[in-house]
Amino acid sequence: MAINIKKKLVQWDPVDVKAELLNKYPPKVARKRAKQILINEALENETPEISANIRTIPGIISMRGCTYAGCKGVIMGPTRDIVNITHGPIGCSFYSWLTRRNQTDAGPDGENYMTYCFSTDMQDQDIIFGGEKKLTEAIQEAYDLFHPKSIAVFATCPVGLIGDDIHTVTRNMKEKFGDCNVYAFSCEGYKGVSQSAGHHIANNQVFKHIVGENDAVKPGKFKINLLGEYNIGGDGFEIDRIFEKCGITAISTFSGNSTYDQFASAHTADLNAVMCHRSINYVADMLETKYGIPWIKVNFTGADATAKSLRKIAEYFGDKKLIKTVEKVIAEEMPAVEAVRKDVRSRTEGKTAMIFVGGSRAHHYQELFKEMGMKTISAGYEFAHRDDYEGRHVLPTLKVDADSRNIEEIEVEADETRYNPRKSVEEMKALEDAGYKFKEYDGLIPEMAEGTLIIDDLNQYEAEKLVEMMKPDIFCAGIKEKFSVQKLGVPMKQLHSYDSGGPYAGFQGAINFYQEIDRLVNSKVWSYMKAPWQENPQLTASYCWE
Amino acid sequence: MLLRHTPKKITERKALMINPAKTCQPIGAMYASLGIHGCLPHSHGSQGCCSYHRSTLIRHYKEPVSASTSAFTEGASVFGGQANMMQSITNIFSVYEPEVIAVHTTCLSETIGDDLPQITKKAHTEGKIPKGKYVISASTPSYVGSHVTGFSNMVTSMAKVAEPTGKKNHKLNIIPGWVEPSDMEEIKRMVKLIGVESILFPDTSGILNGPLSGEYKMFPDGGTTMEQLRSAGDSKGTLALGEWCSADAARWLDKSCKVPCSVLDMPFGLKATDRFIDALRIIAGVNIPDEISSERGQLVDMISDMHQYLFQKKVALVGDPDQLIAMTEFLVTLDMQPIHIVTGTSGKKFEKRIREITKDMPYEVNVKAGGDMFLLHQWIQNEPVDLIMGNTYCKYIARDEDIPYVRWGFPILDRQGHQYFPTVGYKGGIRLLEKMLGVLMDRLDRDAKEQEFELVL
Chain Y
1 MAINIKKKLV
11 QWDPVDVKAE
21 LLNKYPPKVA
31 RKRAKQILIN
41 EALENETPEI
51 SANIRTIPGI
61 ISMRGCTYAG
71 CKGVIMGPTR
81 DIVNITHGPI
91 GCSFYSWLTR
101 RNQTDAGPDG
111 ENYMTYCFST
121 DMQDQDIIFG
131 GEKKLTEAIQ
141 EAYDLFHPKS
151 IAVFATCPVG
161 LIGDDIHTVT
171 RNMKEKFGDC
181 NVYAFSCEGY
191 KGVSQSAGHH
201 IANNQVFKHI
211 VGENDAVKPG
221 KFKINLLGEY
231 NIGGDGFEID
241 RIFEKCGITA
251 ISTFSGNSTY
261 DQFASAHTAD
271 LNAVMCHRSI
281 NYVADMLETK
291 YGIPWIKVNF
301 TGADATAKSL
311 RKIAEYFGDK
321 KLIKTVEKVI
331 AEEMPAVEAV
341 RKDVRSRTEG
351 KTAMIFVGGS
361 RAHHYQELFK
371 EMGMKTISAG
381 YEFAHRDDYE
391 GRHVLPTLKV
401 DADSRNIEEI
411 EVEADETRYN
421 PRKSVEEMKA
431 LEDAGYKFKE
441 YDGLIPEMAE
451 GTLIIDDLNQ
461 YEAEKLVEMM
471 KPDIFCAGIK
481 EKFSVQKLGV
491 PMKQLHSYDS
501 GGPYAGFQGA
511 INFYQEIDRL
521 VNSKVWSYMK
531 APWQENPQLT
541 ASYCWE
Chain P
547 MLLRHTPKKI
557 TERKALMINP
567 AKTCQPIGAM
577 YASLGIHGCL
587 PHSHGSQGCC
597 SYHRSTLIRH
607 YKEPVSASTS
617 AFTEGASVFG
627 GQANMMQSIT
637 NIFSVYEPEV
647 IAVHTTCLSE
657 TIGDDLPQIT
667 KKAHTEGKIP
677 KGKYVISAST
687 PSYVGSHVTG
697 FSNMVTSMAK
707 VAEPTGKKNH
717 KLNIIPGWVE
727 PSDMEEIKRM
737 VKLIGVESIL
747 FPDTSGILNG
757 PLSGEYKMFP
767 DGGTTMEQLR
777 SAGDSKGTLA
787 LGEWCSADAA
797 RWLDKSCKVP
807 CSVLDMPFGL
817 KATDRFIDAL
827 RIIAGVNIPD
837 EISSERGQLV
847 DMISDMHQYL
857 FQKKVALVGD
867 PDQLIAMTEF
877 LVTLDMQPIH
887 IVTGTSGKKF
897 EKRIREITKD
907 MPYEVNVKAG
917 GDMFLLHQWI
927 QNEPVDLIMG
937 NTYCKYIARD
947 EDIPYVRWGF
957 PILDRQGHQY
967 FPTVGYKGGI
977 RLLEKMLGVL
987 MDRLDRDAKE
997 QEFELVL
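Those protein sequence lines, which keep their order, are chains Y and P.
Okay, so the first sequence: first residue is 1 according to this note's numbering, each after it adds one.
Okay, so the second sequence: first residue is 547 according to this note's numbering, each after it adds one.
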């Protein structure tokens, strides 16, 4: 097939683009945004600094959601056998009901509450007199109806304001039931500055209340936890397929297609593989401190990245047979990937993308675009922290501001009986000396080319301006940005929920993504914007058939 | 089975709502605000509310929905949201330049007691609202009523824009209630055809069903203008469609601006449309054009042609009070049997109306205001139906119970058409019939034995 590289006619200078983005803002807003918009410069051994994880500006149309969304929606939403009760007025539970495309397989036990929405539907009298009684009753009713193994309670904004003690309520119910673990999340929407605070709160409570509850040793030789994978569009299923082929056992996934027991057994795994660093690194750290399980950063977005991550896992275990199996699996899977890649690349080479999403996907998806010969000219996170941009080495220098201070940091110590370093100090050192990296994440900035624009918490106005000025071939963000971008005649791919597609992880996922992006950037629809009479409006005569 | 844990046995629940048939006030206020020309809806609360409401509306319409938020942090939640609101007003008018900001509250700002009229007044005094621009507001606590209440509250705030001059404008205010942009367009078409000059508010047509042309207009051409809203106090009268959605605004105009009002049912189906058209005729003193009568005749014709497929079919319905009242009446008109009816919005009046409409049916209808879809599913398990009508969440019940299902109501997240094809009026009635017959006949075709499989239905 002939290579058809569409020449980009658009010329832009990042300095001009940045100036134009800031031009219309009131001075206070412009000052703040200037620090969140970074022109990437390749500095010697130094990553430029960006301002992130700071307050959303009131009145500026942000992409962000809230702490409740991060906790109940993102982290706890995909767990199928926990009854998740939202304590609050009806809205929050309604909006987080089946809207994230987390796929689940109810499995042999058949327990699946993900299709249900549970709420205490607080009314004005509950706000005035307190909602603890109603919450207690709601938990009892859920228990009587379903007898689940676990019930989780999520606080919404008014709960914190009126001071309902949800933790005491759940503790009492847990004691009363005896056979059902009940716990609560203080994830009121106003906490923190984005859904990121909700991830942290979810991590803490899962670690406090569930992890370590089941000591039974699961079968499997190479046992890992896959952290920060949410099975959107079946991503987790594809990764599970690959693991199974390689002989790697996933004890738990946090939290795509997960069960209560997976969390409860997570401490029995021997390695934590972290996909989404932002949302789950807290659990990874705590599992290491308390149980001695090391963690590594992996990425199953992109075929090459998947191969690299599998090798990294195999190298950790250092088992010759595993290393051989992994190589065999990669060799089996890659030809199909490469065939599609080659075909698609003939139509995508040289095209440009923008990615503004999440806390890791704006980084991970650049891999897939790279594999297709596409360049990411601008990217940024919606709710990430500076370490996700600049790398974990900045962690010690990060100042805890007023908004983060209120998010609990739980103190974790080595478990008296169950702490068991999976690798000895010498073994760890040997791996590290050979270039192996534990607890390491370099962030998004070093991966992006010089002169690209890195923008934190991009808003609607800036998105529109960027698209108009830089004219990318595709723009990736979430549902809220989907149609305003497409109205400009530029295809838009949702990378939170994948629109209707997926999986995009692993080898099959890479193939799906290549084909999806090919479909989007080469769709004929983008040529239909103007009617014939709009393109050639001049009239030559009236009623002329000649 | 997707809802495998729903037991057939119905037990009373006092505290736990499962699979709600409602959502919270602010989203209704946001939808209503989008029906004002040049308006940016603003959510005074935590940023998550705004994000959730926008996402739901966008998924329902597949259109951009712009709205801003006061983005409360913990500090604002403790000290009050006035500073965030003032900052929002400045930023919105500088960056987005809307003609009007329509602010609604949330459970957060209501719980801490923020006083929006006072904050708006302060913004005026401090010159933060540019000349000729407006900030209107509605109190929409999420812990009272439902999304329908929030819609109604914002529509009432729109009515309060009215500035009576004392000189009548010979127009009729029409408050359509929470219907689709296509429905608002259809109401305007009918009213114009009849020859009545009207002010329709809110009016989301042209806003949430816009074209793709390579140009993005944050404020599309549609919507009720502020000028129209100002003159609504000079109108001859108001027709409010729907007691729950529209009556409060109409009564406010009646009380405060002496604009008399009638509250009618939403014009879904034959009889409710008849009453709407006849009310227009009587109020305006005009003759109904043949075109409208002909449309009515077409609907009646289709009912008679297809009656055998509808007769005594049992239907389960879930949705909002105004829509359900009209739809229940339509189904009774068709000799169908609505047997289970649930709305998430509370109100004894609703149950009373439904019982009145179904009083001649040979059974007692199951009706619940303030119910949920878990209960509806249990009712269906206990007494199966031939058809389910409701929003997208019904698809889980329809699949588990293998029952034909028509998507109708809010939100519809998995099908298209509601933006473009109305279900109000006679033409809308024909579309509703087409949709119901489509699923019923698909089922006939699917289940017919080979020897009984029919070409002509």
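Warning: the hint list may mix true and false statements.
Unchecked claim - Subject to a maximum C-alpha distance of 27 Å in a straight line, what follows is the list of computed DSSO-like cross-link-like pairs (lysine-lysine):
id, chain 1, residue 1, chain 2, residue 2
1, P, LYS560, Y, LYS32
2, P, LYS714, P, LYS801
3, P, LYS674, Y, LYS32
4, Y, LYS176, P, LYS555
5, P, LYS677, P, LYS713
6, P, LYS555, Y, LYS133
7, P, LYS668, Y, LYS174
No lab work stands behind these hints: they were computed from the structure.
For each hint, the structure was consulted:
{"no.": "1", "hint": "P/LYS560 to Y/LYS32", "verdict": "violated (48 Å)"}
{"no.": "2", "hint": "P/LYS714 to P/LYS801", "verdict": "holds (16 Å)"}
{"no.": "3", "hint": "P/LYS674 to Y/LYS32", "verdict": "holds (21 Å)"}
{"no.": "4", "hint": "Y/LYS176 to P/LYS555", "verdict": "holds (25 Å)"}
{"no.": "5", "hint": "P/LYS677 to P/LYS713", "verdict": "holds (25 Å)"}
{"no.": "6", "hint": "P/LYS555 to Y/LYS133", "verdict": "holds (25 Å)"}
{"no.": "7", "hint": "P/LYS668 to Y/LYS174", "verdict": "violated (50 Å)"}
In this structure, the hints that do not hold are numbers 1 and 7, in rising order.
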